[in-house]
Structures are given as C-alpha cells and as structure tokens.
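Make the full structure from the sequences, and use the hints.
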Amino acid sequence: MLDQILSPIASVTTDGEPVYRTIAERDPAAAVIIPPLSTAVPSDNTETAPTQRDRHLQTIQARGRLGWQRMVNYGRRSLGEVAIMRYKTLIGRRLHARTLSKQKA
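Quick note on numbering: the sequence shown equals residues 2 to 106 in my numbering.
Hint data in this document are derived by calculation from the structure and do not stem from the laboratory.
Treat the hints with care, since some could be wrong.
[To be verified] Across the chosen pairs, the derived CB separations fall in these ranges: (1) 81 <-> 20: 28 to 34 angstroms; (2) 101 <-> 8: 30 to 36 angstroms; (3) 63 <-> 29: 47 to 53 angstroms; (4) 93 <-> 8: 24 to 30 angstroms; (5) 86 <-> 47: 31 to 37 angstroms; (6) 92 <-> 4: 30 to 36 angstroms; (7) 90 <-> 48: 43 to 49 angstroms; (8) 31 <-> 67: 30 to 36 angstroms; (9) 77 <-> 48: 29 to 35 angstroms; (10) 45 <-> 101: 18 to 24 angstroms; (11) 102 <-> 32: 37 to 43 angstroms; (12) 102 <-> 4: 33 to 39 angstroms; (13) 101 <-> 51: 27 to 33 angstroms.
Idealized CB from N, CA, C, for every residue including glycine.
Dropping the structure here:
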C-alpha cells in the first residue's frame with residue numbers, strides 16, 4: 002500500500018511495531034504520531050536503540066498521556082478527525098450535487 006504513495010509521508014496514525022518499522026523503511030524522516038495502547042510494552046532494544054514507539058512510551062511514562070499528546074500536537078489532529086466525522090455524519094459518506102456540472106471533479 003505504501004508503494005502507491007509517491008510523495009514523502011508526513012505522519013501516520015495507527016499502532017504497532019511493524020507499522021513503525023515499515024514507515025521508517027519507506028521514509029525515515031516521517032513522524033509517526035500514534036497513541037500507543039495502554040497495554041503497549043517497549044521493544045527489546047529500548048536501552049540500546051529505542052524506536053519512535055519506544056520514545057513515545059518513555060514520554061508517556063514520564064509525562065503522562067496528556068503530556069505526550071501536547072508534545073506531539075495530537076490534540077490538533079484529533080480536532081481534525083472529529084470535524085471530518087461530524088461532516089460525514091451530517092452529509093453522508095459521499096457528496097450529493099444537484100447539477101451535473103457540480104458533480105465533476
């Protein structure tokens with residue numbers, strides 16, 4: 002799926018070490034902004050070579066989940082996600098244009 006994206010990846014929003022690894026291989030500069038699950042555990046190489054996910058877990062342990070959200074600007078992303086959800090709830094999953102000329106992209 003990542004091969005379909007030709008431009009650099011700015012951020013990703015899903016959890017799991019395989020996701021972090023795949024994104025890092027594709028674009029090492031990408032910031033993976035994923036709230037780790039409350040049951041998430043650090044990887045085995047946390048002490049020697051921590052991954053982004055390990056650093057997120059360390060930050061959550063030190064500052065708390067809200068501190069981590071402030072640090073990575075997760076609240077701003079959340080506001081955008083909620084706005085889109087409201088929009089889809091009101092209008093539906095697709096737009097309904099009244100005239101043919103408005104239906105074209």
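Which numbered hints fail | When the structure is compared with the hints, numbers 1, 3, 8, 10 and 13 turn out to be violated.
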